[in-house]
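Chains as they are written, first to last, in the numbering used here: chain A, 1 to 114; chain B, 115 to 228.
Don't read these hints as lab results, they were simulated from the structure.
Treat the hints loosely; a few may be bogus.
[Stated by the list, open to error] When the alpha-carbon atoms are kept at most 27 angstroms apart in a straight line, the in silico DSSO-like pairs for lysine-lysine are as follows:
no. : chain 1 : residue 1 : chain 2 : residue 2
1   : B       : 215       : A       : 64
2   : B       : 215       : A       : 55
3   : A       : 14        : B       : 156
Keep in mind it's a predicted model, so treat the numbers as computed, not measured.
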Amino acid sequence: GAVVSQHPSWVICKSGTSVKIECRSLDFQATTMFWYRQFPKQSLMLMATSNEGSKATYEQGVEKDKFLINHASLTLSTLTVTSAHPEDSSFYICSVQLALYEQYFGPGTRLTVT
Amino acid sequence: AQSVTQLDSHVSVSEGTPVLLRCNYSSSYSPSLFWYVQHPNKGLQLLLKYTSAATLVKGINGFEAEFKKSETSFHLTKPSAHMSDAAEYFCVVSDAGGYNKLIFGAGTRLAVHP
Numbered sequence: 001g002a003v004v005s006q007h008p009s010w011v012i013c014k015s016g017t018s019v020k021i022e023c024r025s026l027d028f029q030a031t032t033m034f035w036y037r038q039f040p041k042q043s044l045m046l047m048a049t050s051n052e053g054s055k056a057t058y059e060q061g062v063e064k065d066k067f068l069i070n071h072a073s074l075t076l077s078t079l080t081v082t083s084a085h086p087e088d089s090s091f092y093i094c095s096v097q098l099a100l101y102e103q104y105f106g107p108g109t110r111l112t113v114t
Numbered sequence: 115a116q117s118v119t120q121l122d123s124h125v126s127v128s129e130g131t132p133v134l135l136r137c138n139y140s141s142s143y144s145p146s147l148f149w150y151v152q153h154p155n156k157g158l159q160l161l162l163k164y165t166s167a168a169t170l171v172k173g174i175n176g177f178e179a180e181f182k183k184s185e186t187s188f189h190l191t192k193p194s195a196h197m198s199d200a201a202e203y204f205c206v207v208s209d210a211g212g213y214n215k216l217i218f219g220a221g222t223r224l225a226v227h228p
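In isolation and in its complexed conformation, chain B is listed as follows:
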């Protein structure tokens, strides 16, 4: 069965410093992987997705993620955090069942302080 593990429930960084949100996945096939962000009182927004093309994926707002099959990881990074990046981030894997279902990780809350 497919699953994702987000290794940190909370991450705190200073504004202007790099962001690293870690995600490991488990899948018996080549998965599609996503990062979504959830701001308070707003819908989830797709940051980026990996679907078996380039392993380094660039997303919106300066985020990027690298698919590493050997490490079964899909970590999310950003060179310089902004206050507006404070939110909940979800790593998501596609389900192998063929019904277009997504499986969400537990989430990582990113705090950005001045």
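Extracted from the complex, chain A is given alone in its bound form:
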């Protein structure tokens, strides 16, 4: 498999500020990474597909100007939540694709917006 890390594991920010979440593939060069959002006691919802060296592909209903994704290298993808509001509070999870439909997940980042 692949080892995936996320930083930070938990972040608290004030409403109106921006916060960046990092997703690193520690032992695999990932052309494709995915970003998910998980509300408490709910399932994972795919937000966007992050492709190294190109623009991310966002799912319907996800604001690309609010959730900025940068996949600048084969081991790092970042998700920036801009002008965060309390409704953006959630658990954000990234994954790395090793093969067709085979994904390995990071431990997640809990975002709390006050």
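Please arrange chain B on chain A, whose structure you already have, making use of the hints.
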């Protein structure tokens, strides 16, 4: 469109007794199916996957699942539950769109009591 339905939001078993987590899928083509487990504060871990080979799939930690096309089911079983099996379990289907996307079920929380 592809979807998965996990028939039980909560399952409670005694340690040492069998585990059955039910999943039905909907797909217009031959899907790939997965079971993932999510322990608190840990990343999702792949338990097993079905990709059109043997219909009985064996995974890690003694789990297995059987793909039944006629019933559109992919139920997860384990002969004997262990306390460490307590977690959230997700049934997942591959998306037909060809972009390697995964579609998650709502999840089943498994409780194991002594």
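Determine which of the earlier numbered hints do not hold for this structure and return their numbers in increasing order. none
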